[in-house]
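Visitor: Residue strings, one per chain:
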Amino acid sequence: MQTHIKMHTKNLDFFYGDFQALDQVSIDFIENRVTALIGPSGCGKSTYLRCLNRMNDLIAGIRVKGLAMLDNDDIYDPSIDVVTLRRQVGMVFQKPNPFPKSVFENIAYGLKVNGMKDKAKITRIVEKSLKQAAIWDEVKDRLNESALGLSGGQQQRLCIARALAVAPEVLLMDEPASALDPIATQKIEELITELSSKLTIIIVTHNMQQAARISDRTAFFYMGKLIEVNDTDTLFTKPELKQTEDYITGRFG
Amino acid sequence: MKRQVIDKGVHSGFLLIALFSITALFLIVVFLFIEGIPILDHVSIKEFVFGKYWYPTDDPADFGILSLILGSICVTLLSGIMAIPLGVMTAVYLAEIASPKVAEIVKPIVELMASMPSVVIGFFGMVVVAPFIQQVFDIPVGLNMFNASLMLAFMAVPTICSISEDAIFSVPVALKEASFALGATHFETIVRVIIPASLSGICTAVILGLSRAIGETMVVLMAAGGAAMIPGSIFDPVRPLPASIAAEMAEAPFGGEHYHALFAIGIVLFVFTFMFNLLADYVSYKFRQVGEASL
Chain A
1 MQTHIKMHTK NLDFFYGDFQ ALDQVSIDFI ENRVTALIGP SGCGKSTYLR
51 CLNRMNDLIA GIRVKGLAML DNDDIYDPSI DVVTLRRQVG MVFQKPNPFP
101 KSVFENIAYG LKVNGMKDKA KITRIVEKSL KQAAIWDEVK DRLNESALGL
151 SGGQQQRLCI ARALAVAPEV LLMDEPASAL DPIATQKIEE LITELSSKLT
201 IIIVTHNMQQ AARISDRTAF FYMGKLIEVN DTDTLFTKPE LKQTEDYITG
251 RFG
Chain B
1 MKRQVIDKGV HSGFLLIALF SITALFLIVV FLFIEGIPIL DHVSIKEFVF
51 GKYWYPTDDP ADFGILSLIL GSICVTLLSG IMAIPLGVMT AVYLAEIASP
101 KVAEIVKPIV ELMASMPSVV IGFFGMVVVA PFIQQVFDIP VGLNMFNASL
151 MLAFMAVPTI CSISEDAIFS VPVALKEASF ALGATHFETI VRVIIPASLS
201 GICTAVILGL SRAIGETMVV LMAAGGAAMI PGSIFDPVRP LPASIAAEMA
251 EAPFGGEHYH ALFAIGIVLF VFTFMFNLLA DYVSYKFRQV GEASL
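Protein sequences, first through last, are from chains A and B. Under the numbering used here, think of the first position of the first sequence as 1, with each following residue one higher. Under the numbering used here, think of the first position of the second sequence as 1, with each following residue one higher.
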């Protein structure tokens, strides 16, 4: 199988002030595959995810060491434009966070801040993105109503549509279904599977069944270290390390 | 049993105290109307509000307060033009751009400025700003609408800044992150997400700041020049409503026409500030759109 490494990190260290949150993390992310990051709370998986689009830059007093690459670009190189990086590497957050604007404006926002002025084109992309996120049928009659009037699950799919609108190459998802009910969760999972044919997806999840269902590869984090990364099937059936086995069978964590 | 009695006593005690302060304020309003309304025996409401001439001590006297009303409105508007951009932009700077250390120092200073006694600001306008304006713009008097507006803007900026800052600061981080994650710059995030989301608070701040300016007496008494005429330029002296009351109350014979006219001015001023506060309530309700996503 021909595979291309879309993103990878090598010996990535991350510090909040004096506290080291990540220790020598190296992972390869294969293009158009879903990679799940699992591990107990506070193990650094969300911090790691936020290193990949430099969302952590917003926090004062952080420090990054090591290498993080998107294709052939070092994303922490001073010559890299963070704004461009974040357009290439989109993000969906744990809690749905639509803007207090209309459904349409929510999706159009990313296009407008990236300089698109052509109204017809924006309208076309808004529709396409909403369809991609499987929410078009539910909102097509209320594009001009506030996005805050949607249900939690709809809001989260709207946020996914919003991220898709700027055509990212990689999509980071930070426990995107943890605040949703089972039906909404199922919809999000179906969506992820569908999107993965054209998009590299990296998803943090607490839910191991979810990781097993939707991901091609899984990385297990513990205490800021990457313990094991492998094909999801292998990792869940024949983990190499005892620690991984203990975690996925629920003996700790 | 005994505890319930104490509880009841506490209830009535607080009710009494609350009633006392509300009643006292209400009685002042009643008094204002009782003393102000008799002026209508001498002039009609229309003549009073839209009359161009204010010569209360002439015989026969003229009680037209249009020039005073316009004086108040113009001074307030002009101070708003100066204070709103300054106050809001300072707030944006403090909440979004300044490093936490700088904000920690500057914020208390701004709030301290809000507690500056108005007489000090008026005095400053009179002895420092007036000669300066006179020289720079080459005009005969420095005590005018521009001077008073500038001083009022000084007073309104801290209020506008401090309340706006709170509103901007309380915009959920999640919204900021959402904007950054879509490839927006910090500036785009401020203009397109943060300010719209805090608009309700910013509007309230502006209205509260300006309602302070419209009711302010000492500054306009000292720095506005005091001429009861309809201003033709921003360098004309004006006599806003509060200044007229403060300047003339002492010389108006008790119970006379002039005395009643001054109370009627008080009513007009009361209506103005009351409307400002209603507007603040309405605006903060209308633009309320902050709020994280609901689940």
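Keep in mind that the hints were calculated from the coordinates and are not lab data. Do not rely on the hints blindly, as some may be mistaken.
To spell it out: a stretch of chain A is covered by chain B in this simulated footprint if at least three of its residues, at any positions, have a beta carbon under 8 Å from a beta carbon of chain B; those stretches are [unchecked claim]:
(1) 53-66
(2) 92-99
(3) 103-113
(4) 196-209
Partial pick of chain B residues on the chain A-facing surface, computed with a CB cut under 10 Å [unchecked claim]:
(5) K2
(6) I97
(7) S99
(8) P172
(9) E177
(10) A178
(11) F180
(12) L182
(13) G183
(14) A184
(15) T185
(16) V193
(17) P196
Calculated pairs, SDA-like style, for lysine to any residue (alpha carbon to alpha carbon, straight line, at most 25 Å) [stated by the list, open to error]:
(18) B:K101 with A:A60
(19) B:K286 with A:G66
(20) B:K101 with A:I125
(21) B:K176 with A:T234
(22) A:K117 with B:P196
(23) A:K198 with A:K225
(24) A:K128 with B:I195
(25) B:K286 with A:E145
(26) A:K101 with B:A280
(27) A:K101 with B:K8
(28) A:K95 with B:V191
(29) A:K101 with B:T185
(30) A:K112 with B:H186
(31) A:K95 with A:K140
(32) B:K176 with A:P78
(33) B:K176 with A:R63
(34) B:K52 with B:T185
(35) B:K176 with A:N114
(36) B:K176 with A:G17
(37) A:K101 with B:S170
(38) A:K112 with B:E96
(39) A:K112 with B:I97
(40) A:K95 with A:P78
C-beta: ideal position from N, C-alpha, C; glycine also.
Visitor: Checked against the structure, which of the hints given earlier come out wrong?
Guide: Failing hints, ascending: 4, 5, 6, 19, 20, 21, 23, 24, 27, 34 and 40.
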